[in-house]
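Protein chains in written order, with the numbering used here: chain D, 1 to 555; chain C, 1 to 555.
No wet-lab data here; the hints were simulated from the structure. Keep in mind it's a predicted model, so treat the numbers as computed, not measured. Do not take every clue at face value.
Pairwise CB distance ranges (calculated) [claimed, not checked]:
{"id": "1", "chain 1": "D", "residue 1": "Lys-178", "chain 2": "C", "residue 2": "Glu-414", "range": "28 to 36 Å"}
{"id": "2", "chain 1": "C", "residue 1": "Gly-264", "chain 2": "D", "residue 2": "Asp-437", "range": "39 to 47 Å"}
{"id": "3", "chain 1": "D", "residue 1": "Trp-291", "chain 2": "C", "residue 2": "Ala-392", "range": "37 to 45 Å"}
{"id": "4", "chain 1": "D", "residue 1": "Leu-13", "chain 2": "C", "residue 2": "Arg-399", "range": "50 to 58 Å"}
{"id": "5", "chain 1": "C", "residue 1": "Lys-266", "chain 2": "D", "residue 2": "Asp-318", "range": "54 to 62 Å"}
{"id": "6", "chain 1": "D", "residue 1": "Val-273", "chain 2": "C", "residue 2": "Gly-440", "range": "19 to 27 Å"}
Pairs of lysine-lysine, DSBU-like flavour, derived with a Cα cap of 35 Å [as the list claims (entries may be wrong)]:
{"id": "7", "chain 1": "D", "residue 1": "Lys-117", "chain 2": "C", "residue 2": "Lys-174"}
{"id": "8", "chain 1": "C", "residue 1": "Lys-373", "chain 2": "D", "residue 2": "Lys-178"}
{"id": "9", "chain 1": "D", "residue 1": "Lys-43", "chain 2": "D", "residue 2": "Lys-117"}
Stretch by stretch, here's where chain D covers chain C in the computed footprint (C-beta under 8 Å, at least three residues) [said to hold, decoys possible]:
{"id": "10", "region": "8-22"}
{"id": "11", "region": "189-203"}
{"id": "12", "region": "495-503"}
The beta carbon of each residue, even a glycine, is placed where N, CA and C say it ideally should be.
2 protein chains.
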Amino acid sequence: MLTKHRDLLDRALQAIGERGYWSAYPESPSPRVYGETAADEGKARFESYLGADFPLDQPGSQGVVATERSPYGIALDVRYPRADAGALVAAARAAQPAWRDAGPAVRAGVCLEILAKLSADSFTMANAVQFTTGQGFMMAFQAGAPHALDRALEAIAYAYSEMTRTPGTAHWEKPQGKHDPLVLTKTFHVVPRGVALVIGCNTFPTWNSYPGLFASLVTGNPVIVKPHPGAVLPLAITVRHAREVLAEAGFDPNLVTLAAEDPGDKVASALAVDPAVRIVDFTGGTAYGDWLEENARQAQVYTEKAGVNTVIIDSTDDLKGLARNLGFTLALYSGQMCTTTQNILIPAGGIDTPEGKVSFEEVAGAITASVAKLTGDAARAVDLTGAIVNDAVLDRLARAEKLGEVLLASQPLEHPVYPDAVVRTPLIVKLSAGDSDVYGEEWFGPIAFIVATADTAESIRIFRDVVSARGALTAGVYSTSEEVLDEVERAAQDVYTHLSVNLTGGVFVNQSAAFSDFHASGGNPAANSALTDGAYVANRFRVVQSRRHTAREEA
Amino acid sequence: MLTKHRDLLDRALQAIGERGYWSAYPESPSPRVYGETAADEGKARFESYLGADFPLDQPGSQGVVATERSPYGIALDVRYPRADAGALVAAARAAQPAWRDAGPAVRAGVCLEILAKLSADSFTMANAVQFTTGQGFMMAFQAGAPHALDRALEAIAYAYSEMTRTPGTAHWEKPQGKHDPLVLTKTFHVVPRGVALVIGCNTFPTWNSYPGLFASLVTGNPVIVKPHPGAVLPLAITVRHAREVLAEAGFDPNLVTLAAEDPGDKVASALAVDPAVRIVDFTGGTAYGDWLEENARQAQVYTEKAGVNTVIIDSTDDLKGLARNLGFTLALYSGQMCTTTQNILIPAGGIDTPEGKVSFEEVAGAITASVAKLTGDAARAVDLTGAIVNDAVLDRLARAEKLGEVLLASQPLEHPVYPDAVVRTPLIVKLSAGDSDVYGEEWFGPIAFIVATADTAESIRIFRDVVSARGALTAGVYSTSEEVLDEVERAAQDVYTHLSVNLTGGVFVNQSAAFSDFHASGGNPAANSALTDGAYVANRFRVVQSRRHTAREEA
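For reference, chain D alone in the conformation it holds in the complex (with noise of 0.2 Å):
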């Protein structure tokens, strides 16, 4: 299969090495890159798993459980096998010497193939995504499938880059004067840790699990895939091509296993320290995040947390485009994204710009009417907005109303197609610089702070001391100085946050792109690692060396 596969491999190989723009699978749903049956075809395919048992043949399975619940308001009742930690982990076990065994070009080809079938499964997935995260179709197409399946792909060149970086045999002759050499042949072999358990998110579970889940099975690992209660199809269906494409291959499909679970069936905390289980992957809350970090000593432990993301907005040449992109980021998704901008900090005094000093109060407004103006006309703001995604966000925007003067208020929207959508337009607050308590914490959702700080220099002190402590995956800074600019970029070295400059246009701060942009940075307390670098792939395999004597005809 890594024939069929090679070219891309190695212009995969190429892009990591270059980090400019590259993508491998096609973002845009047209008809003319995915075929003109495809959407139907996918929407068709992601309707017949609703309502009934998920088809998916792996042992130990206790019944069923059926947990998701569309923020779109539509029935979903799909019932998948409830996971038996104990069988998964014996299964995975008894799957994983052949799969070590054959090596990492066959594991390599395998995994491509894998992408290969999802991505021609694209328009099931994105519908998949939309329906159980809130997302809306764009969003759940691109994130959920090719934007997905690239950082699959990267996280897969990097694992066999680092694989392959150590030859597979070596010859050592070294010299001993007038007597023959010492010669040896040394064997390296690729060695997985053990058990792998991926623990995906219910925002993106395709795009946050992916990098984890290839790079733990492409250096020869068996994965246990973990979905959220609240969305399981995405992996479901990911486990199934999985399982599919390595039985044509000839290997063990319990390689790859769904866990799906009641939420009080705790399966993700017994695999987590389950002593076969040596490497995990987890997007999701800091409280859980933790605790895994504490408990799961036994294995390498790759997190992605919660983080308090900030701009700070020192000055522009472009309020307008300031403002108009800033509201899409924040109107985006509803603000449910990990990378969405909660903290804007803004000099109280106002900022500079060409036409001269702008009030605080004007910088402020006219990013609220940004996203006022995004969000105005329901029946098109619900495809940028999505649904939001479960109960604990809406509890969450009813408490922020309360924080502080409300410059935006959160508006629900009527959805023109699913009536029962839950669908909520982003809050935004004016808080001071004194209300830490509040803009510390993460507040995740449709919810951003507006903060008037004394001046930049107090913006950046807040950034720094808020990441420090709470982490971020993204930041951004608006200034027309390059003294500022310098100076946010230092501070942002010092937290490990990546940092957009000056974003006016079509590229946004929320965004990162596969093979160029990392995500996260693993240095703050946000993720303990990136997607994907050369530290997130190095520790999920050891290499193990045999030597012996090469007699001399052979040497």
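Given the coordinates of chain D, assemble chain C onto it according to the supplied hints.
Frame of chain D, contents of chain C only:
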């Protein structure tokens, strides 16, 4: 400085990709290599340090400490500045920004210049290592200087490769159909983790410390070097050279400091949990290594601890070569290497050879005779065995004599030059397979067990069980059966232990060659990382990016 050393770095980068034979620093202490006067000058420089204040001008010293006692019984009495942990951390943090901003190429050049200075001072180092660790001169020279420098260069090469696999800047241009493309310039900063701590060991103060020291330093982290109280001088000399080169290059010498202490000062533990300390490299006992892994949670912790190194003897076509080879392994530095074989597993019914079946007693007898022969002439033997590093080894040796049938008694040897040297030959004790409470633990020192097993299948089972539980850095097997060799090689993979096969010549199971052999695997309890691979360096820094729109004319 990188220009000066560019060829060396390039050759090292080639070597880690090939892992054949290569060495950068000559291992022969010949005057033809190091100069006619080098040996005498090195001895004189070493002696100039004795009974004096070690010349090291660094902040926060609180008086002096003198903790070393030579295994050769000579007076050392070197006085080192007694460390104030807080002052060293503060000085390291103050030194860091300029070192970070210098970038990978400048840092690599400075680090390679430090290695050049250390190499030029190899004879001083050889004496310092010999008289603190008890090693014989030849080992002290080779392991203390050129081999340690090779490992340092190897770590620098891996780290340089990792830091530069992501470009410093990238041009990102995403097509937008008929519209102008989106164009961004991206900058990728290599940002070090923070302050690094290196905790040295008593037996190989330089060889085991250099990889961590230079991996951390070249990736931008200031390094505090905490030597073992019994072997301070080799690392004090190292720190002195590092500080001089750093200052010459215009950097703050406090990027590398020495944390000498009285054993009761608990400086290592204070430093290890300091919030600013983000990397810890440790070589030493399991208990303290485990403590570090449990408690230094704010840091990346790299440990090399104890293990139970095992050799399985199934059959051989060269019993003499086997005995000569294993005998040398046991006698070298009186077994005080973390890689020395402890357990030799032999079927009670004997083994097959071309001359027919050879009984257990004969095989064991050939090994004990080989050790006895190597250690029979005290005047020559002491160069091989060296001296006993500290009283803990003597105590252990005394206890081990009572563990079973003594096949070879440990003997004191009189050193022809140093009458007070504490020299002991290896003890070899016979055990049975049931004595796992004895051979299942590490007995560090000149202590080996020959264990009578039911058959090779039981030997392999014992190997798996003991190494799974306690870890190992090395393993060996002797067999004429490809089937047995394959089975042991699979077992070695399962317990993540590097395997040497049928060594009967001039390569020994306890020796590893930089740029070719990995030291430890990082996959069993003996060590959580390998010297040196991608995983060892990739998490000592993070990449933090910034991105901004590129003006069209620049694009």
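For each hint, the structure was consulted:
1. Lys-178(D) x Glu-414(C): 28 to 36 Å: Check passed, 34 Å falls within 28 to 36 Å.
2. Gly-264(C) x Asp-437(D): 39 to 47 Å: Holds - the Cβ-Cβ distance for Gly-264(C) and Asp-437(D), about 43 Å, lies within 39 to 47 Å.
3. Trp-291(D) x Ala-392(C): 37 to 45 Å: 39 Å, holds
4. Leu-13(D) x Arg-399(C): 50 to 58 Å: 55 Å, holds
5. Lys-266(C) x Asp-318(D): 54 to 62 Å: With Cβ atoms ~57 Å apart, the hint holds.
6. Val-273(D) x Gly-440(C): 19 to 27 Å: 25 Å, holds
7. Lys-117(D) x Lys-174(C): Between Lys-117(D) and Lys-174(C) the Cα gap is close to 26 Å, so the pair holds against 35 Å.
8. Lys-373(C) x Lys-178(D): 26 Å, holds
9. Lys-43(D) x Lys-117(D): 17 Å, holds
10. 8-22: holds (count 6)
11. 189-203: Our answer is that it holds, as 3 residues pass the Cβ test (under 8 Å) against chain D, meeting three.
12. 495-503: Held - the region 495-503 of chain C has 8 residues with a Cβ nearer than 8 Å to chain D, which meets the minimum of three.
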